[in-house]
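Taken in sequence, the protein lines are chains A and B.
If you're matching positions, the first sequence starts at 1 in my numbering and goes up one per residue.
If you're matching positions, the second sequence starts at 1 in my numbering and goes up one per residue.
There could be a bad hint or two in this list.
Simulated pairs of lysine-lysine, DSSO-like, Cα-Cα distance not exceeding 30 Å [what the hints assert, rightly or not]:
{"no.": "1", "chain 1": "A", "residue 1": "57", "chain 2": "B", "residue 2": "278"}
{"no.": "2", "chain 1": "B", "residue 1": "493", "chain 2": "B", "residue 2": "332"}
{"no.": "3", "chain 1": "B", "residue 1": "510", "chain 2": "A", "residue 2": "100"}
{"no.": "4", "chain 1": "B", "residue 1": "448", "chain 2": "B", "residue 2": "278"}
{"no.": "5", "chain 1": "B", "residue 1": "255", "chain 2": "A", "residue 2": "90"}
If you are wondering where the hints come from, they were derived from the structure by calculation, not from laboratory data.
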Amino acid sequence: MPDKIVVGYDGSEGSKRAVDFAVERASALGATLVVAHVLEWSPYSFLTPNELEERHKRRNEELKRAEEAVLAPLVASLDTSGLTIETSLKYGNIADTLAKLSRDTGAVQIVIGRQGESGLASRLFGSVAGSLAQSSTVPVTIVP
Amino acid sequence: MKNHYKIPMMAGALSLMASAAMAQSLDEKVNAIFASSTGWFVNLIFSPFPGTSFPWIVGWLVVAATIFTVYFGLIQFRAFPHSIALVRGDYSDPDDAGEVSHFQALATALSGTVGLGNIAGVAVAVGIGGPGATFWMILAGLMGMASKFTECTLGVKYRNEYPDGTVSGGPMYYMVKGFEERGLPMGRVLAVMFAIFCILGAFGGGNMFQANQAHAQIANVVGDYPGWITGIIFAGIVFAVIVGGLKSIASVTEKVVPFMGVLYVVTAVIILLMNFDKIGWAFGQIFEGAFTGLGVAGGMVGALIQGFKRAAFSNEAGVGSAAIAHSAVRTKEPITEGFVSLLEPFIDTVVICTMTALVIIITGQLMTDPTTGLYMVGEGGMIQTVDGNSGVALTSAAFSASFGWFKYILAIAVILFAFSTMISWSYYGLKAWTFLFGEGKGKEVTFKVIFCIFVVIGAAANLGPVIDFSDAAIFAMAVVNIIALYFLMPIVKRELNSYLSRLKSGEIKKFN
């Protein structure tokens with residue numbers, strides 16, 4: 001079974017650079033590329049009764065939009081790379097979900113882009129790159 | 001009610017004396033019509049058992065809670081650890097992430113019940129029934145957990161799911177479908193009655209009463225001013241949220257309300273820790289008072305009535321409202337929502353209400369006769385307090401005795417609790433409305449606009465009889481709902497047994 005490389009992708013410039021880097025690595029290793037898009041979600045947030053009622057409908061819409069607007073165009077653009085591409089679309093905390101995905105798929109490394117947030121926000125809430133580097137069980141490459 | 005002077009004040013501000021006179025007379029007319037045509041209904045719901053001051057509706061709720069407790073074999077204690085595990089997400093499939101979690105359903109249902117009752121209502125109960133009322137309140141809260149378990153399981157089991165993925169659920173749906181399934185008649189009749197009471201309750205207890213008390217609390221802090229100003233502002237915000245679909249205000253409230261609830265409990269715990277040497281004494285007072293009354297009006301029975309009443313009025317167990325809130329959760333097992341919902345009376349009554357009571361007792365707000373150790377009862381059966389406070393002012397004084405700034409926090413908490421209760425009840429009312437009149441944008445907007453109008457009326461006017469009537473409507477919901485629960489409880493039992501055996505066999509998987 002070929003090695004797998006998980007790459008986090010959200011359509012941003014940083015994540016495009018991460019994909020470029022991951023494609024390069026995967027080609028060199030003959031690895032399968034797992035493109036992961038995580039929709040930020042906490043089961044401990046608070047919703048109004050109306051939001052509860054519509055949640056299932058919204059979730060389906062969000063999944064559809066992410067599939068069509070984020071994942072599908074990327075997969076199409078990677079058509080010529082000759083790589084085997086898998087996709088994964090999940091809800092959750094971004095760092096935790098990517099770490100779990102790497103375990104579930106048996107990936108050998110994770111590639112993510114740098115979000116470029118600095119200062120107060122990331123000091124208070126931590127950054128995805130920071131928490132992933134702490135929690136991942138496989139090497140993490142952060143592409144600037 | 002104390003708001004009768006507000007209509008003239010409003011007119012003074014507008015220099016429209018003529019319309020004030022008209023409003024006044026209209027107000028009086030409404031009062032008169034309501035009092036004469038609905039008084040019998042209010043009296044019927046709140047009438048005491050012959051020869052006592054014990055309202056039969058409270059007995060109805062407590063007896064039902066006891067029956068469910070026995071029928072489901074103390075489910076509230078047996079399933080408590082499992083309920084916590086469900087809320088923590090231990091049994092949630094990670095692939096379902098992004099759907100409504102058990103925690104979210106619990107938090108939303110709680111923000112509809114935690115409110116003024118936990119702050120002002122408890123002060124009234126302890127102010128009349130003494131510390132002993134706390135014991136009976138906790139007992140009734142524990143029993144109420146079984147009622148919630150029953151109604152919320154049914155709410156999820158018999159909800160309607162529509163092709164677009166939205167859901168509608170609640171007692172009206174389990175009355176119709178559950179009765180059909182069991183081959184029982186009258187399901188639709190009960191459902192229509194329930195829906196009517198629910199709409200009335202939503203306009204009243206879930207709306208006018210909240211607006212009225214929120215205004216009273218604001219006026220308490222910033223000084224008196226006309227209630228219609230509060231009413232218009234509140235109605236504007238409610239309108240923006242429920243008609244305009246302005247999510248941001250609602251989500252801010254839904255985020256701040258739990259925070260206020262936690263802050264309230266934490267502050268109470270700190271006050272208790274500061275007085276830790278008196279905690280033993282306070283519990284002594286609670287137990288002794290529960291069985292002797294310690295001199296309160298009505299003795300032990302007086303304490304019992306006050307405690308039962310407060311628990312029943314505060315956590316809404318058996319009323320059916322929580323069944324509407326919980327039915328939005330997507331779960332393969334309806335019974336899991338029952339397990340989660342049984343935590344509500346625990347948090348609402350056993351934790352939050354008890355904290356209020358303990359702080360009032362421990363800070364020595366209630367005056368005792370130094371020679372006999374009994375409580376000094378003043379006018380109207382109220383125990384005399386240090387500063388002569390009662391209701392929310394008593395709670396405020398008890399907390400402020402340790403932290404002077406707390407009264408401002410409390411005022412903000414009351415306003416936010418009132419607002420979140422209104423949002424919740426606008427939804428409950430709407431579900432009943434669409435059950436009666438059918439779904440559709442126009443019908444829904446009609447209900448929502450009426451709801452906003454009632455916010456202004458509630459804050460501005462003295463509509464005592466209307467509010468009494470609406471409170472009665474909320475408890476009338478419980479009369480209809482509990483009848484249905486008695487008929488449908490075997491279905492819940494079947495679900496429970498099936499689930500527990502699959503949990504034991506490992507068929508129901510733990511993910512974390």
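Comparing the hints with the structure gives:
The straight-line distance between the Cα atoms of residue 57 (chain A) and residue 278 (chain B) is roughly 53 Å, outside the 30 Å bound, and the hint therefore fails. Of the supplied pair hints, the one linking residue 493 (chain B) and residue 332 (chain B) holds, its CA atoms being roughly 17 Å apart against a limit of 30 Å. Of the supplied pair hints, the one linking residue 510 (chain B) and residue 100 (chain A) holds, its CA atoms being roughly 17 Å apart against a limit of 30 Å. Distance check on the hinted pair: residue 448 (chain B) and residue 278 (chain B) sit about 49 Å apart at the alpha-carbon level, beyond 30 Å; violated.
In summary, the hint linking residue 255 (chain B) to residue 90 (chain A) is supported, as the alpha carbons are separated by about 24 Å, within the 30 Å threshold.
In this structure, the hints that do not hold are numbers 1 and 4, in rising order.
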